[in-house]
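Visitor: Protein chains in written order, with my numbering: chain P, 3 to 345; chain G, 3 to 345.
Derived by calculation from the structure, the hints in this document are not laboratory data.
Certain hints may be false.
Heads up, the list lumps identical chains together, so a pair's fine if it works in one copy or across two of them.
[To be verified] Once the Cα atoms are required to be at most 30 Å apart in a straight line, the calculated DSS-like pairs of lysine-lysine come out as:
no.	residue 1	residue 2
1	Lys-299	Lys-262
2	Lys-180	Lys-92
3	Lys-11	Lys-31
4	Lys-184	Lys-31
5	Lys-184	Lys-15
6	Lys-180	Lys-262
7	Lys-11	Lys-184
8	Lys-180	Lys-15
Number of protein chains: 2
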Amino acid sequence: MLPKPCFPKRPLKVAVLGATGAVGTEIIKILDERSFPIGHLLPLASRKSAGNLQKWKNETIKIEEVNAKSFNGIDLVLASAGGSISKAWKNVILESGALLIDNSSAFRMDQGVPLVVPEVNPNDAFQHQGLIANPNCTTILLSLVLAPLTAEIPINRVIVSTYQSASGAGAMAMEELKQLSKAFLEGREEQSQVLPYSLAFNLFLHNSPLQENNYCEEEMKMANETRKIMGIPNLNFSATCVRVPVLRAHSESINIEFSKPFEVENARQILNSSPGIKLLEEFENNRFPMPTDVTGKDDVMVGRIRQDISHPNAIELWLCGDQIRKGAALNAIQIAELFLPKS
Amino acid sequence: MLPKPCFPKRPLKVAVLGATGAVGTEIIKILDERSFPIGHLLPLASRKSAGNLQKWKNETIKIEEVNAKSFNGIDLVLASAGGSISKAWKNVILESGALLIDNSSAFRMDQGVPLVVPEVNPNDAFQHQGLIANPNCTTILLSLVLAPLTAEIPINRVIVSTYQSASGAGAMAMEELKQLSKAFLEGREEQSQVLPYSLAFNLFLHNSPLQENNYCEEEMKMANETRKIMGIPNLNFSATCVRVPVLRAHSESINIEFSKPFEVENARQILNSSPGIKLLEEFENNRFPMPTDVTGKDDVMVGRIRQDISHPNAIELWLCGDQIRKGAALNAIQIAELFLPKS
């Protein structure tokens with residue numbers, strides 16, 4: 003069955019799978035904020051959370067336990083309950099005829115599954131076979147910057163070091179950061195339960211499983227997903243991903259080597275007119291993006307674009323983006339919006 | 003007057019200028035820990051702190067206000083009161099015949115002033131003309147790693163992103179981080195007074211003055227001081243320095259490009275036998291250095307040394323080091339120890 007080019011022209015039935023998580027909660031909030039045309043919202047979660055109440059516009063609706071009949075008649079499923087849940091329900095969802103936009107990493111690199119950042123590769127979305135993958139948070143933020151620049155001058159190599167917030171590990175990791183910080187300030191030593199080590203006034207290399215090449219999974223996600231989204235399968239890419247004691251915004255220190263010199267002012271103008279990006283560059287005040295600037299905001303903030311003094315063809319820049327919004331929930335909804343009928 | 007090759011063979015008279023600061027306090031602690039041969043310790047500070055008491059071994063000694071006669075008969079001055087204080091007292095100190103080891107950036111790049119990391123360029127110290135400069139904290143940590151590697155294969159280019167603790171901005175910045183974090187956790191919004199922005203669950207590009215090339219002073223210190231310490235004046239070097247909500251240990255994400263491929267196992271063995279470095283690489287547990295591992299420790303911890311998948315001649319590694327100890331106080335004392343007579 004060929005995918006439908008767009009949703010029907012009526013209020014949609016939308017299921018949010020993983021409705022109680024950090025991303026699921028934000029998805030429901032953003033669906034309302036953006037007036038996504040919803041006739042019926044179905045928040046789904048595991049048995050543990052089923053029965054809890056969810057605010058939706060002026061109503062209070064009950065969170066349901068996901069089951070084989072949950073997806074009957076549903077137009078769109080926004081899933082953010084983790085890879086194993088997405089894998090478990092994928093076939094049921096696809097057979098129901100719903101479009102599945104999945105925030106997990108389960109299908110991102112699968113052939114035939116578009117991996118989409120709407121500002122970068124919207125057309126890929128229309129090649130879907132029922133399932134579209136939402137990229138990793140750090141990748142989404144980075145690709146917003148790389149795509150318009152490489153359209154001007156091809157990129158040879160990207161080196162990035164990240165400063166990733168607790169939210170990337172979920173709502174419980176955010177809560178743990180607050181709790182362990184409080185304990186530390188009160189002179190108590192508490193052990194972490196959610197993250198492997200305490201993030202309180204501490205940081206550590208991203209704890210996703212190490213691959214054979216000694217890059218962790220998160221770092222290889224960034225490399226491979228960036229290649230797929232940008233359509234540059236052989237892009238030279240190296241990321242070092244670090245978890246820092248920040249609640250919900252990621253930052254990235256990015257070094258980009260092009261095939262020839264890239265005039266900084268040209269890069270600045272290109273980024274300034276690129277969708278999803280807001281420049282914050284007050285050189286005179288030494289004021290550039292910070293996590294607190296982007297918390298709860300849609301745009302990725304970019305600043306201190308400069309010539310790399312160590313390489314004639316490289317420029318460096320700094321970005322911050324809300325991990326839960328553009329890094330996850332917002333991007334998923336923007337993908338869905340590509341399929342709304344033009345009015 | 004040619005510098006004396008070493009201190010006299012008797013207990014020394016040592017002045018600590020800036021005795022009440024984060025580094026000064028640590029200097030006094032480490033002098034005791036390492037049984038530096040002190041006959042008389044003179045803690046000096048501004049009028050504001052004069053009269054305060056300082057613990058020294060089993061005694062309590064009074065902090066004195068620095069004046070023109072403070073340095074009479076002093077053998078060694080360890081200064082960490084900031085560049086303007088060092089500049090103000092430099093000539094008085096040198097005329098007194100004391101050796102001045104200065105932790106500020108005031109003289110580091112001056113010709114005739116050795117800039118020394120004892121594990122890297124101890125011989126430079128003996129070229130002094132009364133004054134030896136202690137390098138920037140991030141530079142000390144980095145040079146410990148770069149020096150033994152470049153002795154094996156020449157380095158072409160270094161790209162580093164830092165994760166710098168509040169302590170680099172002094173004891174008051176550390177206190178502010180704790181205070182603003184507490185306020186945040188209690189739902190109060192307080193403004194920063196010491197640092198330009200709140201570090202509580204936040205981070206920002208290092209706020210030292212921007213240079214014309216849009217690198218900040220801290221980043222150019224790293225570049226220029228690394229070049230001077232390693233004796234490679236044209237080293238391609240680019241740093242992005244970031245202040246993070248950690249109390250007193252710096253971390254660095256380091257990409258090193260060599261003139262030819264560097265076998266990772268070879269690099270690991272070299273670093274493992276290099277002074278001042280301790281490897282922490284539990285690949286099976288995904289366990290690498292964290293700020294909490296090095297707090298209060300002398301050694302710089304290095305981990306996850308790996309082949310850069312984006313460049314055949316590059317390796318990447320991660321390090322953490324106590325900013326106040328090896329990044330400042332300890333290194334200064336190690337420089338002084340070079341001049342102790344061999345017993």
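Visitor: Indicate, hint by hint, whether the structure satisfies it.
Guide: Here is what the structure says about each hint:
| no. | hint | result |
| --- | --- | --- |
| 1 | Lys-299 to Lys-262 | neither (34 Å within a copy, 45 Å between copies) |
| 2 | Lys-180 to Lys-92 | neither (35 Å within a copy, 46 Å between copies) |
| 3 | Lys-11 to Lys-31 | within (22 Å within a copy, 74 Å between copies) |
| 4 | Lys-184 to Lys-31 | both (28 Å within a copy, 29 Å between copies) |
| 5 | Lys-184 to Lys-15 | neither (42 Å within a copy, 44 Å between copies) |
| 6 | Lys-180 to Lys-262 | neither (46 Å within a copy, 46 Å between copies) |
| 7 | Lys-11 to Lys-184 | neither (50 Å within a copy, 51 Å between copies) |
| 8 | Lys-180 to Lys-15 | neither (36 Å within a copy, 47 Å between copies) |
Comparing the model with each earlier hint shows violations of hints 1, 2, 5, 6, 7, 8; every other hint is respected.
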